[in-house]
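J.: Single-letter residue listing:
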Amino acid sequence: MEVPILKQGEFLIATIQAALSDADLEQLRLALVQRVVRFRSRAVIVDVTAMDVMDSFASRTLREIALMIRLRGAETVIVGIQPEVAFAMVQLGLTLEGVATALDLEEGLDYLNQKFKTIN
Amino acid sequence: MSVGEIRVPINSDQDIVLARQKGRLLAAEAGFSAVDSTLIATAISELARNIVSYAKKGEIILQPLHNSHRTGISIVACDSGPGIPDIHLALRDGFSTSGSLGLGLPGVRRLVDEFQIVSSTGQGTVVKVTKWHQEQHER
Chain A
1 MEVPILKQGE FLIATIQAAL SDADLEQLRL ALVQRVVRFR SRAVIVDVTA MDVMDSFASR
61 TLREIALMIR LRGAETVIVG IQPEVAFAMV QLGLTLEGVA TALDLEEGLD YLNQKFKTIN
Chain B
1 MSVGEIRVPI NSDQDIVLAR QKGRLLAAEA GFSAVDSTLI ATAISELARN IVSYAKKGEI
61 ILQPLHNSHR TGISIVACDS GPGIPDIHLA LRDGFSTSGS LGLGLPGVRR LVDEFQIVSS
121 TGQGTVVKVT KWHQEQHER
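Chains as they are written, first to last, in my numbering: chain A, 1 to 120; chain B, 1 to 139.
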């Protein structure tokens with residue numbers, strides 16, 4: 001199950017649409033990092049609304065994506081973590097520390113637009 | 001095989017997804033809330049991942065539980081892998097031997113109500129966890 005990545009101006013939007021295996025998550029990590037380079041994107045939004053489980057591997061991979069993209073000088077925002085998923089993540093001890101999060105895609109875009117407006 | 005038991009062979013990362021989906025379905029059928037079903041699915045994901053990472057293959061056995069005063073779900077993860085040399089160490093937060101976050105077992109223990117582990121070096125590991133219906137469990 002490949003995750004579609006949409007180019008929206010200076011941003012990339014990856015929308016996870018179904019449960020992902022470890023291999024799918026690793027594929028997403030590679031694809032995002034490559035495209036940030038190719039399109040000289042300033043930010044990436046990963047929409048995880050459709051993810052019904054965020055276990056240690058998924059959480060670690062998302063964190064790695066954010067760290068790799070930061071090394072490219074771009075920003076990552078994880079959007080759409082479901083309330084049940086957030087509950088389970090905290091119980092499990094997964095915090096996604098240091099990674100920006102937003103309620104949904106709209107809020108994620110607002111956050112990035114604000115951020116880049118102040119810089120410009 | 002006992003009534004309602006579901007056995008999911010775990011041989012690859014694809015099976016982790018399958019096991020947790022079956023677990024979520026079973027939890028929903030047993031009347032668990034969305035939050036508890038997610039906790040159950042997450043616990044299954046972690047246990048199945050341990051099998052793939054350390055033992056390569058094994059099995060997840062899901063079983064709905066009913067007795068006179070409560071209902072729940074039992075999850076057994078078993079493998080014939082290398083076993084865990086020091087269980088106390090493996091249950092400590094922050095410990096890992098496979099380069100993961102090292103939150104696997106202590107994290108799973110926090111997600112469920114009962115947690116048992118039996119492991120012997122060279123023979124494998126069996127983790128048995130139980131989650132009870134929250135209302136009946138707390139009152």
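Derived from the structure by calculation, the hints contain no laboratory data. These numbers were taken from a predicted model, which means no experiment stands behind them. One thing to keep in mind: the hints can contain errors.
Unchecked claim - Facing chain B, according to a computed beta carbon distance under 10 angstroms, are these residues of chain A, among others: (1) I13; (2) Q82; (3) E84; (4) M89; (5) Q91; (6) A100.
Claimed, not checked - Covered stretches of chain B, as calculated for chain A (at least 3 residues, CB under 8 angstroms): (7) 65-78; (8) 86-92; (9) 118-129.
Stated by the list, open to error - EDC-like mimics (lysine to aspartate or glutamate), calculated; alpha carbons at most 20 angstroms apart, straight line: (10) B:K57 / A:D22; (11) B:K56 / A:D24; (12) B:K22 / A:E97.
Even glycine gets a Cβ: it sits at the ideal position worked out from N, Cα and C.
J.: For each hint given before, does the structure comply? Return the numbers of the non-compliant ones in rising order.
T.: 1, 6, 7, 8, 9 and 12
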